[in-house]
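There are 2 protein chains.
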Amino acid sequence: MSFKDVLLTDAAHIQARLDAAMAGLSDQPVVQAMRYATQGGKRLRGFLVLESARLHGIAAENAVSAAAAIEALHAYSLVHDDLPCMDDDDLRRGLPTCHVKWDEATAVLAGDALQTMAFELLCDPALGSEKARLALVASLARASGAAGMVYGQALDIAAETASEPLTLAQITELQAGKTGALISWSAQAGALLAGADPAPLARFATALGLAFQIADDILDVEGDAAVAGKRVGKDADAGKATFVSLLGLEGAKARARALESEAEAALAPYGASAATLIAAARFVIARES
Amino acid sequence: MSFKDVLLTDAAHIQARLDAAMAGLSDQPVVQAMRYATQGGKRLRGFLVLESARLHGIAAENAVSAAAAIEALHAYSLVHDDLPCMDDDDLRRGLPTCHVKWDEATAVLAGDALQTMAFELLCDPALGSEKARLALVASLARASGAAGMVYGQALDIAAETASEPLTLAQITELQAGKTGALISWSAQAGALLAGADPAPLARFATALGLAFQIADDILDVEGDAAVAGKRVGKDADAGKATFVSLLGLEGAKARARALESEAEAALAPYGASAATLIAAARFVIARES
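Which chain is which? The protein sequence lines are D and H, in order.
First residue of the first sequence? That's 1 in the numbering used here, and the numbers climb one at a time after it.
First residue of the second sequence? That's 1001 in the numbering used here, and the numbers climb one at a time after it.
Since the hints were derived computationally from the structure, they do not count as laboratory data.
Heads up, none of these hints are tricks.
Heads up, incomplete: computed chain H residues facing chain D, CB under 7 Å, no partners named:
| no. | residue |
| --- | --- |
| 1 | L1025 |
| 2 | C1085 |
| 3 | A1105 |
| 4 | V1150 |
| 5 | Q1153 |
| 6 | I1157 |
C-beta: ideal position from N, C-alpha, C; glycine also.
So here's chain D without its partners, still in its complex pose (with noise of 0.2 Å):
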């Protein structure tokens, strides 16, 4: 299989196991922007999941719900993030966002549950032992909150009213919290669940989430609003630093390309059998949404 089929194939796993979390919740407007919120995107942290477990030995049905759970956490920070108060999107994914198509109050209370939703799916004993999945909720906390995404998201805002733009080095720490800590999270997850050392993972991942950060910022700028489903050029119109802006867009592209070495070479460990991850890791930097 192509990495795209398997992405795709993995996209469809995970929102079956999104769907069924949600099966059971009564219908109103907040359940609604829930399932909505949750509907569509790349999945990339989910495929990490998966494709990490494949690694280590673990059906994809036995690790299912820790991709659902970093999407509905990923999804959280998206609605969160797209309110009026924070970046103030009405876009998402090519469809308007929680707060307009419902309101405010169901945007936040929406995004509030679907972060719960991801420690309850962390609790399905398909995942395997008590160990393991404590081991999941734990790295996932740290990686999610005030010292991981949440911190990320304070130094974006703070850079919004700073006198001076961010430097090089400031932006890869808001980008290691900011978009990092989860990807990282999800392709250590595999590992932490087989009980194997996640540090090549954990490497991979670095240079991964870096890349990541550095292929938005590019295509923030050469990106097509229609093929993106968001707004583009918004960071060079707020005159926010990003890396094309400390780098250049040629020098930004050559740093992408050196961290997606840096990506195959952390797997070197696993041999023939992370070609579907490095193929991921190529189609990170290449990437037109």
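Since the structure of chain D is already known, use the hints to place chain H on it.
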């Protein structure tokens, strides 16, 4: 020790655990807001965790992370509930609310990270076996998510635009989610930590949670804003159905007293060792803030 002394001692213990959980975090406004939002309050939910643990022979140091977790989760719900798009409250525990003291984006993120921190606290090895900790994570996720607390908040939002005031059955269902679910989790936490049957504590908590909300509605009519530390009379001003509007003031007081008796009766299996929990139930009915 009198119940009030136990409550004060427990509150100090819980505060120290919350402070320790946030000690290593970077001093961003989001983290300042998290610290601010976890100051003060009666700590009734945390007390219920510690007291139900004591009832099962579990020392406070082996339960305090669970007590801190429920207080972090409660604090997140208050920060988000106070937002302009939700209840739009400017005063909480006698102080400006988070979005007033900082801004809305900081309040959204601080609430998000407090929820995450609650689940991180439940992973603390001091709480015992992986099985017990995972049981706490799974049950707190159920109690606080779209089938629990957020469900109650969604019903509360829907009620604001409903053409008819809520019935007694509807208000009871709303309360069971919005306030009851976390109180119920707190009272059962000690039994879950000990691997004991949580049924008597669940019955106690169902009565206590409803009595708590009825007392809240009575306070909203009779209370003193200076003592309550928040606006009073706002439900009546908003024309909202409450237990007082549906049962009358005397009817609501009688119902609260009946629930107090129910709560006491549920604890009969614990005999004299439940005296502090019984005192807590009496306090909840008679409190002035």
